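Asker: Let's have the full structure, built from the sequences with the hints guiding it.
Letter by letter, the chains look like this.
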Amino acid sequence: MQKGNIKHKPKLAVWKFASCDGCQLSLLDCEDELLMLSQNVEVANFPEASRAVVKGPYDISLVEGSITTAHDAERIHKVRRVSKILVSIGACATAGGIQALRNFKDIKEFISYVYARPDYIDTLSQSRPVSHYVSVDFELQGCPVNKKLLLEVLNASLNGRRPNIPSYSLCIECKLRGTPCVMVGGGIPCLGPVTHAGCNAICPSYNRGCFGCYGPMETPNTASLTELWQKMGVKNEDIVRSFRTFNAASEAFKKAGKDCEKG
Amino acid sequence: MQPPRPLKKRVKTVKKAKTIKVDCLARVEGEGGLYIKIKDGELADVRLNIFEPPRFFEALLRGRMFSEAPDITARICGICPVAYQMSAVNAIERAFGVKVDGQLRALRRLLYCGEWIESHTLHIYMLHAPDFLGYESALHMAKDYPEIVERGLKLKKAGNAIMTLVGGREVHPINVRVGGFYRTPELEEFKPLIEELEWAKEAAIDTIRLTGGFPFPDLEQDYEFVSMTHPEEYPINEGRIVSNRGLDIDVSEYENHFVERHVKHSNALHSVLKNGGKYFVGPMARFNINFEHLTPLAKKEASKAGLAGRCLNPFKSIIVRSVELLYACEEALRIIDAYKMPKEPYVEPKPKGAVGYGSSEAPRGVLYHRYRLDDNGAILDARIVPPTSQNQGIIEDDLFKFIPKHLHLPEEELKWRCEQAIRNYDPCISCATHFLKLNIEKG
Numbered sequence: 001m002q003k004g005n006i007k008h009k010p011k012l013a014v015w016k017f018a019s020c021d022g023c024q025l026s027l028l029d030c031e032d033e034l035l036m037l038s039q040n041v042e043v044a045n046f047p048e049a050s051r052a053v054v055k056g057p058y059d060i061s062l063v064e065g066s067i068t069t070a071h072d073a074e075r076i077h078k079v080r081r082v083s084k085i086l087v088s089i090g091a092c093a094t095a096g097g098i099q100a101l102r103n104f105k106d107i108k109e110f111i112s113y114v115y116a117r118p119d120y121i122d123t124l125s126q127s128r129p130v131s132h133y134v135s136v137d138f139e140l141q142g143c144p145v146n147k148k149l150l151l152e153v154l155n156a157s158l159n160g161r162r163p164n165i166p167s168y169s170l171c172i173e174c175k176l177r178g179t180p181c182v183m184v185g186g187g188i189p190c191l192g193p194v195t196h197a198g199c200n201a202i203c204p205s206y207n208r209g210c211f212g213c214y215g216p217m218e219t220p221n222t223a224s225l226t227e228l229w230q231k232m233g234v235k236n237e238d239i240v241r242s243f244r245t246f247n248a249a250s251e252a253f254k255k256a257g258k259d260c261e262k263g
Numbered sequence: 264m265q266p267p268r269p270l271k272k273r274v275k276t277v278k279k280a281k282t283i284k285v286d287c288l289a290r291v292e293g294e295g296g297l298y299i300k301i302k303d304g305e306l307a308d309v310r311l312n313i314f315e316p317p318r319f320f321e322a323l324l325r326g327r328m329f330s331e332a333p334d335i336t337a338r339i340c341g342i343c344p345v346a347y348q349m350s351a352v353n354a355i356e357r358a359f360g361v362k363v364d365g366q367l368r369a370l371r372r373l374l375y376c377g378e379w380i381e382s383h384t385l386h387i388y389m390l391h392a393p394d395f396l397g398y399e400s401a402l403h404m405a406k407d408y409p410e411i412v413e414r415g416l417k418l419k420k421a422g423n424a425i426m427t428l429v430g431g432r433e434v435h436p437i438n439v440r441v442g443g444f445y446r447t448p449e450l451e452e453f454k455p456l457i458e459e460l461e462w463a464k465e466a467a468i469d470t471i472r473l474t475g476g477f478p479f480p481d482l483e484q485d486y487e488f489v490s491m492t493h494p495e496e497y498p499i500n501e502g503r504i505v506s507n508r509g510l511d512i513d514v515s516e517y518e519n520h521f522v523e524r525h526v527k528h529s530n531a532l533h534s535v536l537k538n539g540g541k542y543f544v545g546p547m548a549r550f551n552i553n554f555e556h557l558t559p560l561a562k563k564e565a566s567k568a569g570l571a572g573r574c575l576n577p578f579k580s581i582i583v584r585s586v587e588l589l590y591a592c593e594e595a596l597r598i599i600d601a602y603k604m605p606k607e608p609y610v611e612p613k614p615k616g617a618v619g620y621g622s623s624e625a626p627r628g629v630l631y632h633r634y635r636l637d638d639n640g641a642i643l644d645a646r647i648v649p650p651t652s653q654n655q656g657i658i659e660d661d662l663f664k665f666i667p668k669h670l671h672l673p674e675e676e677l678k679w680r681c682e683q684a685i686r687n688y689d690p691c692i693s694c695a696t697h698f699l700k701l702n703i704e705k706g
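Chains E and Z supply the protein sequences, listed in that same order.
Numbers 1 to 263, taken from the working numbering, label the letters of the first sequence in order.
Numbers 264 to 706, taken from the working numbering, label the letters of the second sequence in order.
These aren't lab readings, by the way, just hints derived from the structure by calculation.
Small disclaimer: the values here were computed from a predicted structure and weren't measured.
Heads up, a few of these hints could be off.
Looking from chain Z toward chain E, a few residues come up when the C-beta cut is under 8 Å (computed) [as the list claims (entries may be wrong)]:
#: 1; residue: R290
#: 2; residue: I339
#: 3; residue: M389
#: 4; residue: S400
#: 5; residue: I411
#: 6; residue: R414
#: 7; residue: K417
#: 8; residue: K419
#: 9; residue: K420
#: 10; residue: N423
#: 11; residue: G431
#: 12; residue: V434
#: 13; residue: Y445
#: 14; residue: R446
Non-contacting residues of chain Z with respect to chain E, defined by C-beta distances greater than 10 Å in every case (computed) [what the hints assert, rightly or not]:
#: 15; residue: R325
#: 16; residue: R357
#: 17; residue: A369
#: 18; residue: R372
#: 19; residue: E465
#: 20; residue: Q484
#: 21; residue: R508
#: 22; residue: H556
#: 23; residue: A568
#: 24; residue: G569
#: 25; residue: A571
#: 26; residue: R573
#: 27; residue: D638
#: 28; residue: L670
#: 29; residue: E674
#: 30; residue: E676
Simulated crosslink set (DSSO-like; lysine-lysine; CA at most 27 Å straight-line) [to be verified]:
#: 31; chain 1: Z; residue 1: K613; chain 2: E; residue 2: K231
#: 32; chain 1: Z; residue 1: K417; chain 2: E; residue 2: K148
#: 33; chain 1: E; residue 1: K9; chain 2: Z; residue 2: K406
#: 34; chain 1: Z; residue 1: K613; chain 2: E; residue 2: K148
Idealized CB from N, CA, C, for every residue including glycine.
Answerer: This is how it looks when you write it as structure tokens:
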């Protein structure tokens, strides 16, 4: 990682909201790069990895998780105030995550279904992305994020350039790696045409249709894909469910699901 | 060994009582805190607070198709997604009467070995060892012990390599489906893994020798250990649920013997035995119950580290985890050696209205799933009991026993030791929540 124009060792913070820890684990999964990273960046606040806390402000904050409690809605503003650059990482932080399925249901019923004493539980009716509450400098999509892209975002942010993250669809990645189309060739329903690239199109290479972990690409044509799936014989309810997973509350997938429900 | 450095604290004197708060327990997965109350020089209360926000998985699973359960439940935990996928498919396959055996069964065990290697190494090297060597983190430790930290990272990578090949990727693998896999790897694809795992096996032996030499605080309790058990193998993905006190049940009987309680100080339900007894799950439970099924090498190295089939000191769980790490490397090599690509990657499941029960041994202990499904395979309701819910009571018990003997320690050191005692259980709070603050109140 080049030092760029920041003179002191840049301070990195990693914050967690409602999430599975998988995206911050992706940082620890950079087994070959982690020690080099820690030599060039001061890991100033990363509770999952260290009990040492260096006070802010921080040059860059990575935020994992969605905002689901009143306390967290306040905490994210504090995080923003102490962060020069704030990058939200993962489907939870960029779209609300799988826990945003509550947004389509009655939260009170959800609480009483899981907990014997609903009065002990404090939660909001909507699981929302970080960008709903504060301005975000970059959003890295994915459930989980790709660790190589995460390193690219860190490198770019610390060197004052825009991260080089492709915004095209998964289809391009299949072409690049030479995977035959599972939908055209294999008749398997695939969300690839509307899904953001980034995972390197793993599922089609495992004979499986993309199921949308990376969320919507830039300007996805979900209506066209819905029509294609319908022609393939996929039932509307199954199409709705496919749009409603880890990125259910993203604008594009939310709209696609609703349009399909209307028929 | 360096002395623990001061943590962020708030000191408030109320009459004879003193409260100290540390805002977040570090090096655990998820967010939680610890509350300790000391009155007139004696320990009055210990509470593990989990404030990880609830995500309501059991509620949101309703109405989803059976085929979605492995991918959705994986998202409960980024550190042990395979455990969720396996308990989910075990439960659903049982409901549908699907039997997954032969190479498909072996391949699932291999995938699970990958997760054990990755998760155990993460905990041993990155989260727990710094406590024993007196560092705030593995990154701080790397300045004085670069070769140890580098070995840990390389071991972790070996586990991840299995997950990536068999599962498609390290975090939230995509290749697991009800009935088997989407694609089974060709024999050729395993070749690069063999050399890496042969190295990992030697590195795991070095890990046992390293952790076996750590200084251990004195703490032993007469625990009720609960783990799965299997007549022919060390338990990972199949077996009955047993305890060292005579419990021996099929997974379908689980809810007849264990209940979850909702306590105010935690967003994680506490699981206890029906008679109210607390119990211990995870590597130490598996080790004490299933030692005979370890490989000869793992048994030998465990014995050399002073654990000949028995370990009652939770601080030594780091050695047990190292022994399981060795076992998982050996077992992965054995499975690869015997691998023949199955003709079909999966058995076609035929949905039917039924209830399915499934369990498996997550790196942190028994993970229970139950699903009620309709005739089309839609999920009507779901129940998930993660290992950390089961260990919460025991963690508090350990602290009740540990703290009174160490009240003479300087406060900062006492706090650090308490954190270490919690980390003995590798608690995964993301899993259990359905956050950690350390408060010591002294009077």
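Asker: All hints are to be evaluated individually against the structure, with a verdict given for each.
Answerer: Going through the hints against the structure:
1. Taking 8 Å as the C-beta contact cut-off toward chain E, the hint placing Z/R290 at the interface holds, the least distance being around 6 Å.
2. Interface restraint check: Z/I339 against chain E, minimum CB-CB distance 6 Å, threshold 8 Å, status holds.
3. Against a cut-off of 8 Å between C-beta atoms, the interface hint on Z/M389 holds, since the closest Cβ of chain E lies about 6 Å away.
4. Proximity of Z/S400 to chain E holds as hinted, the smallest CB-CB distance being about 3 Å (cut-off 8 Å).
5. Checking Z/I411 against chain E by beta carbon gives a least distance of about 12 Å; that is not within 8 Å, so the hint is violated.
6. Checking Z/R414 against chain E by beta carbon gives a least distance of about 11 Å; that is not within 8 Å, so the hint is violated.
7. With 8 Å as the threshold, the beta carbon of Z/K417 comes within range of chain E, its nearest partner Cβ sitting at about 7 Å, so the hint holds.
8. Interface restraint check for Z/K419: the shortest CB-CB distance to chain E comes to about 6 Å, inside 8 Å, so the restraint holds.
9. Checking Z/K420 against chain E: minimum C-beta separation of about 4 Å stays under 8 Å; hint holds.
10. Hint status for Z/N423: holds, given a least beta-carbon distance of 6 Å to chain E, under 8 Å.
11. Checking Z/G431 against chain E: minimum C-beta separation of about 5 Å stays under 8 Å; hint holds.
12. At its closest, the beta carbon of Z/V434 sits 4 Å from a beta carbon of chain E; the interface hint therefore holds under the 8 Å criterion.
13. Among the interface hints, the one on Z/Y445 holds; its C-beta lies about 4 Å from the nearest C-beta in chain E, closer than the 8 Å criterion.
14. For Z/R446, the interface hint holds, since its Cβ comes within 8 Å of a Cβ in chain E; the closest pair sits about 4 Å apart.
15. Not every beta carbon of chain E lies more than 10 Å from that of Z/R325, the smallest distance being close to 8 Å; the non-interface claim is violated.
16. No beta-carbon of chain E comes within 10 Å of the beta-carbon of Z/R357; the shortest separation is about 23 Å.
17. At the 10 Å boundary, the C-beta of Z/A369 stays outside the reach of chain E, the nearest C-beta of that chain being 18 Å off.
18. With a cut of 10 Å on Cβ distances, Z/R372 stays outside the contact zone with chain E, its closest approach being about 19 Å.
19. Even its closest Cβ contact with chain E, about 18 Å, leaves Z/E465 beyond 10 Å, as expected for a residue assigned away from the interface.
20. Chain E leaves Z/Q484 outside its interface by the beta-carbon criterion, the shortest separation being 26 Å against a cut-off of 10 Å.
21. The claim that Z/R508 lies off the interface holds: its Cβ sits roughly 27 Å from the closest Cβ of chain E, which is beyond the 10 Å cut-off.
22. Its beta-carbon lying about 30 Å from the closest one in chain E, Z/H556 satisfies the requirement of being farther than 10 Å from that chain.
23. Interface exclusion of Z/A568 from chain E stands, the closest Cβ pair being 26 Å apart, more than 10 Å.
24. Every CB of chain E lies more than 10 Å from the CB of Z/G569, the least distance being 28 Å, so the non-interface label holds.
25. With a least CB separation of 33 Å from chain E, Z/A571 remains clear of the 10 Å interface cut-off, as annotated.
26. Residue placement check: Z/R573 keeps its beta carbon more than 10 Å from all beta carbons of chain E (closest about 31 Å).
27. No beta-carbon of chain E comes within 10 Å of the beta-carbon of Z/D638; the shortest separation is about 15 Å.
28. The beta carbon of Z/L670 sits about 22 Å from the closest Cβ of chain E, which is more than 10 Å, so the claim that it is off the interface holds.
29. For Z/E674, the non-interface assignment is confirmed: its Cβ lies about 15 Å from the closest Cβ of chain E, beyond the 10 Å cut-off.
30. Every CB of chain E is more than 10 Å from the CB of Z/E676 (nearest about 13 Å), matching its label as outside the interface.
31. Restraint check: the Cα-Cα separation between Z/K613 and E/K231 comes to about 24 Å, which is no more than 27 Å; the hinted pair holds.
32. For the hint linking Z/K417 to E/K148, the alpha-carbon distance of about 17 Å falls within 27 Å, and the restraint holds.
33. Distance check on the hinted pair: E/K9 and Z/K406 sit about 16 Å apart at the alpha-carbon level, within 27 Å; holds.
34. For the suggested pair Z/K613 and E/K148, the alpha carbons sit about 39 Å apart, so the restraint of at most 27 Å is broken.
Checked against the numbered hints above, the structure violates hints 5, 6, 15, 34; every other hint is satisfied.
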